[in-house]
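K.L.:
Below, each chain spelled out in residue letters.
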Amino acid sequence: MKDNTGYQRKTLLFGTAYYPEYMPYDRVETDLSMMCEAGMNVVRIAESTWSTLEPSDGIYDFSYIDRVLKAAEKKGMEVIIGTPTYAIPSWLEKKDKNIMVKTKAGQAVYGRRQAMDIMNPSYRFYGERVIRRLLEHTAGHPCVTGFQIDNETKHYGTSSELVQKLFVEHLQQKFVTTDRLNETFGLAYWSNSIHDWNDFPDMNGCINAGLSCEFERFKRSLAAGFLLWQSEIVKEYKREDQFITHNFDFQWKKFGADIAQDGYSYGVQPDINHYEAAAAVTIAGTDIYHHTQDQLTGAEIAFGGDSIRSLKGRNYLVLECQAQAFKYWTPYPGQLKLHAYSHLASGADGIMYWNWHSIHNGYETYWKGLLSHDLAVNPPYEEACEIGNQWKKMGNSLLNLKKDNQIALVVDNQSLQALEWFPIDRDLSYNDVVRWMYDSLYELNMECDVVDVNGLDPFKYQMIVTPALYSITEDKCKQLKEFVSNGGVLVSTFKSFVSNEYLSVYPDTQPHLLHECFKIHYNQFTEPGTAKIKGRPVRYFAELLYTDGARVLASYDHKYWGKYGGITQADYEKGSTYYIGCYTDKDIVKEILKMAVKDAGLSDFIPDVCFPVIIRSGVNRDHKKIHYVLHYSDEETTISCPYERVNNKLDGKSYKKGDRIPLKDWDAVILEEE
Amino acid sequence: MKDNTGYQRKTLLFGTAYYPEYMPYDRVETDLSMMCEAGMNVVRIAESTWSTLEPSDGIYDFSYIDRVLKAAEKKGMEVIIGTPTYAIPSWLEKKDKNIMVKTKAGQAVYGRRQAMDIMNPSYRFYGERVIRRLLEHTAGHPCVTGFQIDNETKHYGTSSELVQKLFVEHLQQKFVTTDRLNETFGLAYWSNSIHDWNDFPDMNGCINAGLSCEFERFKRSLAAGFLLWQSEIVKEYKREDQFITHNFDFQWKKFGADIAQDGYSYGVQPDINHYEAAAAVTIAGTDIYHHTQDQLTGAEIAFGGDSIRSLKGRNYLVLECQAQAFKYWTPYPGQLKLHAYSHLASGADGIMYWNWHSIHNGYETYWKGLLSHDLAVNPPYEEACEIGNQWKKMGNSLLNLKKDNQIALVVDNQSLQALEWFPIDRDLSYNDVVRWMYDSLYELNMECDVVDVNGLDPFKYQMIVTPALYSITEDKCKQLKEFVSNGGVLVSTFKSFVSNEYLSVYPDTQPHLLHECFKIHYNQFTEPGTAKIKGRPVRYFAELLYTDGARVLASYDHKYWGKYGGITQADYEKGSTYYIGCYTDKDIVKEILKMAVKDAGLSDFIPDVCFPVIIRSGVNRDHKKIHYVLHYSDEETTISCPYERVNNKLDGKSYKKGDRIPLKDWDAVILEEE
Amino acid sequence: MKDNTGYQRKTLLFGTAYYPEYMPYDRVETDLSMMCEAGMNVVRIAESTWSTLEPSDGIYDFSYIDRVLKAAEKKGMEVIIGTPTYAIPSWLEKKDKNIMVKTKAGQAVYGRRQAMDIMNPSYRFYGERVIRRLLEHTAGHPCVTGFQIDNETKHYGTSSELVQKLFVEHLQQKFVTTDRLNETFGLAYWSNSIHDWNDFPDMNGCINAGLSCEFERFKRSLAAGFLLWQSEIVKEYKREDQFITHNFDFQWKKFGADIAQDGYSYGVQPDINHYEAAAAVTIAGTDIYHHTQDQLTGAEIAFGGDSIRSLKGRNYLVLECQAQAFKYWTPYPGQLKLHAYSHLASGADGIMYWNWHSIHNGYETYWKGLLSHDLAVNPPYEEACEIGNQWKKMGNSLLNLKKDNQIALVVDNQSLQALEWFPIDRDLSYNDVVRWMYDSLYELNMECDVVDVNGLDPFKYQMIVTPALYSITEDKCKQLKEFVSNGGVLVSTFKSFVSNEYLSVYPDTQPHLLHECFKIHYNQFTEPGTAKIKGRPVRYFAELLYTDGARVLASYDHKYWGKYGGITQADYEKGSTYYIGCYTDKDIVKEILKMAVKDAGLSDFIPDVCFPVIIRSGVNRDHKKIHYVLHYSDEETTISCPYERVNNKLDGKSYKKGDRIPLKDWDAVILEEE
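As you go down the protein sequences, you meet chains A, B and C in turn.
Here the first sequence stands for residues 1 to 674, where the numbers follow full-length UniProt numbering.
Here the second sequence stands for residues 1 to 674, where the numbers follow full-length UniProt numbering.
Here the third sequence stands for residues 1 to 674, where the numbers follow full-length UniProt numbering.
No wet-lab data here; the hints were simulated from the structure.
One should not assume that every hint holds.
[Claimed, not checked] Computed cross-link-like contacts, DSS-like style, restricted to lysine-lysine with a CA-CA straight-line distance of at most 25 Å:
#1 A/K104 with C/K337
#2 C/K664 with B/K563
#3 B/K559 with C/K594
#4 A/K403 with A/K104
#5 A/K559 with A/K574
#6 C/K664 with B/K559
#7 C/K75 with A/K94
#8 A/K402 with A/K657
#9 B/K559 with A/K165
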């Protein structure tokens, strides 16, 4: 997966998104001065400002950009230029009403961002034109360090006539005959089979999960194609030293109200395939929003980081890093620093706040930036200053942190969407299962790559974890079997290896093919009711496992299901497998993971510490081992130094093995091995 | 109500719905062999497979049917042929977009079943053609034992221009002048009266409950008419010995998520009148889905059975019987047997699982059949084998169970929908009240007919129970009064006898007319707040009863309502009446029912056992009394034999009065009197 | 604010809305006799009966009106004539489909009331014609005492092409250039800026809170304009002695189900500005619905009354007063009387029940009137008789109660809607904050005017309370500052003085400008988490206050926020200010209010009694001081007489200071000072 042609940062980036267009009065000089004082060295601009850049059809105004570039040059700051295409100006919608996306819910009305049809030819025409003008204008500027193409791109549910036509062409190419189409998706069900391609119905009414998810996959590929198209345009203008990035975002989980100021980056993104789209960039970028205050755990930062780093097997940029954000997340003293080091600990080569200032109008007025609405010095800004000045001092020794993880957690958009059609439980989504497994690894300080199933090379890893990998090709099953044969450790949960890539449930023994490795099979599953396992309640789902040679690690405590296995282990050829057939407490998962890691020969992965003390490690550009010790708690504590001789880069203190390392509340310590 | 022209089964049916069209590979021979091994003697096919039967306009392919018929003939099995009309092929929608039903919510998009306009002429034309071809092809086959017309037919909310035009014609015929229309429904309210039939507005915006419910009733009659139309076509082809049935379903109650795998058969169906539609069939059929595992009570099976049996006063078929269904309902050992005998105990002449195998694609992938997705032997299949083999042995002695119930529970679509416009409480629907009363009877082992108010002949019964019979004609009121005068026992709850058939509240003393029999009246009702009755909380609703000669069985425990009656009894001429003016615990209802049954002279109806031991009885074709003893519990128990001399047909053991009859968990015992 | 040209009642009105059109049979004589027996002297008719008054285009039928007028004349009753325009006949919708309102959700379908476009020219044409005919017919009749124009008028969300065009014209007039428009609302955000008025987009998709709320304000002004238009028509016909009123209603708060029988009058009305619209009437009118039974507190009656009285600074009519209403509100004995006196205690010059009889059909069948559906004497009617007869006796000594409140609670539609875009919390609306402050005053017996910010003259008051006055003009800020400078007391909560009138957050120190008076500022706020204040939990929202000279009355009990103020007081020039920076228990608010009232020199405002004993006072037309003592409790109690010498007008008993005045459950006592 390592992409050796990729772009490599030479300096750590610390900065912020900046929208002088949104300011109530001209503050470019003031703002950049305040940024410099905070040790910032980059601003990210222009993204989403099309109506400012091109106020009328063919009339361009780059004055805001010029003002920032001029000031940045004076201050010696880098500038990232974003293409403005994810929010269209109203004059464009007036030209062609069909630019607004048509989805199942009807056609979008102009107003919000990300409401256009990314396949609409007018949109592409005008989009290309503004990108070319913007690049012509900025690519030559010495401060411009790179380009962000579009922003948080997704397919936006497009199902216009054109998109549906393209989809039918895609199906024709793939299946050739309607008979093969019918068989593949089982369309005879409820009279949905067709016998003439002209009879293919409107996908908006489709009730076939397989066909619907094929359409979703197709739309994801349109979104990735859209980014590749932008990337090709940018490449015509950009210098060798300039990067192309994109701001990949995660599935958003609301935590209450139907308002903007609500939710966080939770799991796998359903509406674009990051792995597929990553081909469009030379360095991956992302935004990660997360709980703070008493709920700050670092898990979202780590999950997002492990995911984005794994796209290209390289370092990445946090293009949007959380400042004050919502009222729920006003950071406690120390937390902004902890956020920053948490990102670096996953391999980020820089962070940029979203955004510089709280906005005085518009939808995101209370998605607060580093500065509050008074645009004055405040506690978060003061803490950002500390970060900036520490980074200036530590220079590039924190840059290009390299990891060589032996564990892969495998994720899959298709399984995600399959389980929306066929929920495990109303209250247990695919991403819940992913996070349940990921967070268990995280809390045990077992670092992993989070790998898209399409990009997985199993043989790079010692241990593979599959949370609810519902949909999987025959070939990938065989590969995983070979992985185990060769000595790999496979840890899988319920609802793994159930259907093929078209969501057809494999009509043979479950889990398909890999039941041979797990040495179990099942043909019944159930809502757990009052069942317990290892004294803890089973929740949401339980498969009733028959063992075919596996060792039962835990069976159900239940009058009727007691005879079935719930969690099993089996040795298969040179490898070992674990099957977790039900949902239960993370503590039990952790016990299993500890056994699995041992089988995989990775026992050094388990330092004697665990959450709320998180240790994440890597090798820096000077080939030194770096350990970030991150303390997600409002208590003070100490840990015993697990390394021979280390040096805390933040205060210069040295520790040898067994020394007590003190950790304050919400503390970060960076240990460098000598 | 007895329909002596009806069809009478000569053998008990045990079988399954079967869709070879949905199979991932050809298994007809294998499947029918497995069925035979399980003692099955019937398959139900073809329903919903239009796109397979007629892949293109006028091109027919009956090969799947032929394959099943051939194999069935070899095995000696019967086959029920379903007309495929409840799911249309996409080529048909392409011919005439108006085939998709137009409802209040707009026009349906092609995809799901039951989304067409049953009044659309194109649909009727093509529907008739495929039915005729199918009947021509199959009616002569010796295995074909009967036909199911359409499936779970309802009106699907059709309110197309045509349907609205027909409705206006219906109103014109009924009311002649707009003045009578205005008066009948009180249209002057909010300026809704009309003075020219051309001004009749779109029913989709109607806010007049009476007129809306008249429209609902009209749409129900369209649905019944649709079945009669199919029935007439089928009659042109079918042999004398072949039956016509339909799969009547009940109001579905969801228990959580908005997904397919959720809900159960709860109460009266709002969208077709079963009693009206039953004229289309020679033997009634139904599907009943219900809680299982710890929640299995048998109440839905009994309610559904008592309802469907009462349609024609005859035995019926359970065309869809629950196999594994949802994850919530994976049956415990013994429960599949208990389901089966519960159906027979209500008078079913056969059961067919839905369906044979779990489907590998499509919407109902996790509405599991008897076989799991691996299509192999599994615990439910093994239990089905036990059932089949028992039935083979007991032969027809379980067939044609006849009941002569003296209690009628009266139900009414119109009251159901009236109380959706005017809810008793957000959390108490009409069907909740129906089930509250029905379940109280059921748990006391007081068997009853569940009778549509339109088909009720009160004089057939000793005791009539009316749960929330909100809407009632003047004539029916008079009949009930006469019923009481003549010695009948009437048990009514709050919200009975409130409005006429057009939902006009009777503008005189409440309960209308029958207050004379109850010897109470009221003009106030209230949310109960903290009120109690007989020490139990009153919930949802309380009428404040003035007594006019009635005996107060319970009054409210409340500072201000204490002076009013809550539950009353009165003797009226030769009869007795009970009025339950508020909602409270079932235990209190049961006390009332015990008194009422005594008044009705039905004290032999109360054996000394009650839920979780349910006894349901009847007379078999050999004129022997049969008692099904059904044990809905995971505990073991015994009961004292209440009959002089009986024989357990399942194990041959004999008991005389007072002997202990042991009952295992989820057990069924069938006692035949000697 | 006093409107000395207004209409002044000379007799107290006691009566009811009456719709003979809705009656199942002719009862005009009977009903008016029953009314007279109850001491009623007025009926309110015709409102909403257009289809009866004009059954076909241009054909009029005033027979129902004539019948009522004739009977009223005989009985000596007054009649209020309502224009029928808030529900249109179906023939009108057939003439012009565009009469149905187009909103964000699409075009309304004919059926319900208030579903037309108030700006539609056809609607205006036919509306004017029927008003003129009705006025011609009725204005000369001696019984006709006044006219109600339309009913509960609001803008109904109209966003038709015409309305949007008018809105653009309004913006052009206000802002002249698109540049000023862009700057004012910050439209550059998400590419929403325009550079040609022709590019102005459909407001239905608008995501700019400021622009959307400007549109809301514009639509409110259309609604007010609609009433002014009707008023001008009526003035052409009405006699000098006849009044014009309108039935202003409040924001409705549902308490559960999505049905008609649910909800109550809660707070500021978002969809019309009462203060602006009050110009159309000569006497203000209102409807107020409220909890009863154990939840009767009188708070809604007082809030509604204080609001409506403050519109014109004069007495008003309760055009719809709650009779039996929903099942939740069946009144306990005594409560109907308590309702009636509660209205008078706020300055009402009359009450009319809604409505006379419970309706036998239609949407509001269970919004019960004084009579139940049996149209017979019942407990509420009997209690109404008591009221009527008391009022006959006390004659006009209860009329024209004048108040001279020194406290103003300031409310604002714009802030209400701003906080729907930017919620303080999912569970804390603007009106929740208003009611939190209002109810605290109310429970302490601190009477206040509830004043629209647009009509506020601060210098009339000693003390001003601003709950969440989010949006405020620069000028109004300055005025409030001057108010404090001159010795006023200002009590403000969090989220006050945040943005300008276009919802642009002031980009300087918060709270804008007035931070000088409060001597605090803040740049951070937070979800309170576990924070407490004065031992009580802080909920929903907490601003972290820096003090700049203020006295901290309470700071947060929290590990990290402890250093910030939560509630502060400051002396500023001659005045005093209180700032409540977080939401917490009302008890704490009350402590603050007691201090503030003392600062304002209003200590005589605090009698030694508080809720559930409420005292509301004023001066009657004979210049005597009247004190209503209202007891909202089911317990009996006594209070010590706080007045030198008073006389209970209801039973004639006299009390001197310190005497015990007994209060029964749900009692009302009217003390007149000697």
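K.L.:
State for each hint whether it applies.
P.N.:
Hint check results:
no.: 1; hint: A/K104 with C/K337; in the structure: violated (55 Å)
no.: 2; hint: C/K664 with B/K563; in the structure: holds (19 Å)
no.: 3; hint: B/K559 with C/K594; in the structure: violated (36 Å)
no.: 4; hint: A/K403 with A/K104; in the structure: violated (43 Å)
no.: 5; hint: A/K559 with A/K574; in the structure: violated (37 Å)
no.: 6; hint: C/K664 with B/K559; in the structure: holds (14 Å)
no.: 7; hint: C/K75 with A/K94; in the structure: violated (65 Å)
no.: 8; hint: A/K402 with A/K657; in the structure: holds (23 Å)
no.: 9; hint: B/K559 with A/K165; in the structure: violated (71 Å)
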